[in-house]
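Engineer: Residues per chain are reported as follows:
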Amino acid sequence: MTGRTGTGPIWRRGFSPPPFIPYLVAGDPDLETTADYLKMAARMGVFAVELGIPFSDPTADGPVIQAASQRALRHETALESILGWLSGIPPENLPPLYLMTYFNLFHHMGVERFCREAQRSGRIAGVVIPDLSFEDGACYRPVFRAYGINLVGFVSPTTSPARARKIVRESRGFVYYVGLMGTTGSALTLTDETRRIVRDLRQWTSLPVCVGFGISSGAIAREILEFADGVIVGSRLVQDEREPDRWKKTFEEFVLSAGKGKG
Amino acid sequence: MKGGLTSSSMRRKGTPVLPDIRGYFGEFGGRFVSETLMSALLELEKSFREAWREKAFRDEFRETLADYSGRPTPLYFAESLSRETGGAEIWLKREDLNHTGAHKITNAIGQALLARRMGKSRLIAETGAGQHGVATATVAARLGFECQIYMGSEDVRRQALNVFRMKLLGSGVCPVETGGKTLKDAISEALRDWSRTVRTTHYLLGTAFGPHPFPLIVRSFQSVIGQEVRRQILAKKGRLPDMLVACVGGGSNAMGLFHPFIGDESVNMFGVEAGGRSITPGEHAARFAGGSVGVLQGTRTFVLQNPDGQIENTHSVSAGLDYSAVGPELAYYRETGRITFDWVGDDEALEAFQRLSRTEGIIPALESSHAIAYGVRLARSMSPGQIVVINLSGRGDKDVMEVSRILESKGEAGS
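Residue numbers (the working numbering), protein chains in the order written: chain A, -1 to 261; chain B, 2 to 416.
Everything labelled a hint here was simulated from the structure, so no lab data went into it.
Bear in mind the structure is a predicted one, so any value in this text is a computation, not a measurement.
We treat Cβ as the ideally placed atom computed from N, Cα and C, and that holds for glycine.
There could be a bad hint or two in this list.
Said to hold, decoys possible - Once the Cα atoms are required to be at most 25 Å apart in a straight line, the calculated SDA-like pairs of lysine to any residue come out as:
hint, chain 1, residue 1, chain 2, residue 2
1, B, K56, B, R278
2, B, K47, A, F132
3, A, K164, B, E46
4, B, K47, A, D34
5, A, K164, B, Q233
6, B, K47, A, P155
7, A, K164, B, K47
8, A, K164, B, S40
Claimed, not checked - Calculated from the model, a selection of chain B residues having no Cβ within reach of chain A, i.e. all distances over 12 Å:
hint, residue
9, S48
10, E85
11, L169
12, D343
Using the sequences and the hints, build the whole thing.
Structural biologist: Here it is, written out as structure tokens:
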């Protein structure tokens, strides 16, 4: 697993795998299905999967992911249980994994303990924590780094250029550009602003700059991939999570679109 | 009012300036929000600090409080209640006499003036009991803001009268159906709205909670409560009170009363949380009795959570105290031992609701009834001549229907 999910960026520009990061809610509709989806993502060779750990109060998420989180909370989806569950899955059936959830779950487990367990599992490339601000994250960044867990930095349309430079400098794994103002699942419309900001970010870092929030179709994904390194697709996929056939079809469409985008 | 609205005790030597530059009170506080909201919080902090330094801004705030809300509110000696209780003198800070019936209007006025200064055109707010929603809708009407209030659907049911008031004042009211359908869920929904609309909208948070700088801003505006109490009790009794009592939901009426006395060692302070039906998960909102340190809705503080770190739902007869977390500054002062916390259950609060109505002809809000119950308990154990000041944070008109329903179901109506 090291090479792929160890420290440092998990891919570099000029990549071959589809520049597409699907987001799944662990345990929606159940963990067996999640494992199945992860296996498929691994087989397709996507850059990474964002694996959402359900939290009771997902303030950055829209209705689709809120509802999925509520469903998933009925299963064994505590942060610690998920680490244990992942350890039982053969590494070849897992894509590079970024755990995505709200800071309270890490805080509650203890950031250092989480990092130790995550490192031991050999399954975790990094974490995406929407409510850990750059400032509050300062005291935790050294801990994540010491254990080789990438802490992904967020930039949004409201981030000032000076602030964005600082954030991308401290980011690890990739840079998450929040393509729209709002919660997950709203509809993204591409503007010149998005293009300009992503172009700036790519000048300031060698990490891949990925755009997420509101990517609802392969067509939008393709358009974004003309200027960004990757797309993160959440609600559009989570919407189909309960129906494996549908999910797989949507997933394949995005993989195909992402592949074409690099032409 | 010499020295403006800043308390002299804030400036006392040896008292640390809190929150610190990162928005922390010791290890509590911070700004645990998505990056989309960070620029708004940074702008808000800058605007607030600038405005608060300006005499013109403070004057407009003070004049609005006086002419529109009716400040100063009286500090009233509850002679009859004191006699019935036996023990210390019980004094009530009559925040219920504010325009719209609670202390909430003070913060709403302050933040609305700030929002106007920042050029925002729209206000959003969360509300539990509906008092903060009504206060926000009121200032929005007066200052010409578009306004949207988020309220848990369980609270919409319990506080139907306040829902009508908000609509009458021209605000939209959005019932929130997620989670426990109470205050916590309303805050999450307001945060979601704010992340969509942050460029034009000010989130008028109603309590000394949430991400920095909200705890600082709300406490600063509400401190007028304690400043008045200090002046009033000195004028009437020539000395400071022995005990201060306030109910604690997020903490705005408590911090407002306590903050100007933090440096006065002779003044003891008690925060009263909602004990609900019992101190078991899901049945109460006593964060210090059943909670642990966590991060929720922008701040690191005491939170009711399960062994996995998921936030627990709460219960209290009073919608305004029905909340899983507590303001970070109160968590800090609990840790330093400056403020003592305890809880009062539903039944004892209902009893105090009726007792104050009967003895003083004042119907208190169910939130404030928790403080009344505890203040009576304290007074009973104290000697005559000692002084307890209870913050009567709101009036109970909004609660009479709900209390009538509860008492009827218990077979106590009219007994």
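Engineer: Each of the hints needs a verdict: does it hold here or not?
Structural biologist: Hint-by-hint comparison with the structure:
1. Between K56 (chain B) and R278 (chain B), the direct Cα distance comes to roughly 47 Å. Violation of the 25 Å bound is thereby established for this hinted pair.
2. For the suggested pair K47 (chain B) and F132 (chain A), the alpha carbons sit about 18 Å apart, so the restraint of at most 25 Å is met.
3. Restraint check for K164 (chain A) and E46 (chain B): the C-alpha separation of about 20 Å stays at or below 25 Å, so the hint holds.
4. Distance check on the hinted pair: K47 (chain B) and D34 (chain A) sit about 50 Å apart at the alpha-carbon level, beyond 25 Å; violated.
5. For the hint linking K164 (chain A) to Q233 (chain B), the alpha-carbon distance of about 51 Å lies beyond 25 Å, and the restraint is violated.
6. For the suggested pair K47 (chain B) and P155 (chain A), the alpha carbons sit about 20 Å apart, so the restraint of at most 25 Å is met.
7. Restraint check: the Cα-Cα separation between K164 (chain A) and K47 (chain B) comes to about 20 Å, which is no more than 25 Å; the hinted pair holds.
8. Between K164 (chain A) and S40 (chain B) the alpha-carbon distance is near 14 Å, which keeps this suggested pair within the 25 Å criterion.
9. No beta-carbon of chain A is positioned within 12 Å of the beta-carbon of S48 (chain B); the least distance is around 16 Å.
10. Residue placement check: E85 (chain B) keeps its beta carbon more than 12 Å from all beta carbons of chain A (closest about 43 Å).
11. Consistency note on L169 (chain B): stated as away from chain A, and its beta-carbon is indeed over 12 Å from all of that chain's, at 29 Å minimum.
12. Consistency note on D343 (chain B): stated as away from chain A, and its beta-carbon is indeed over 12 Å from all of that chain's, at 26 Å minimum.
Going through the hint list in order, the structure does not satisfy hints 1, 4, 5.
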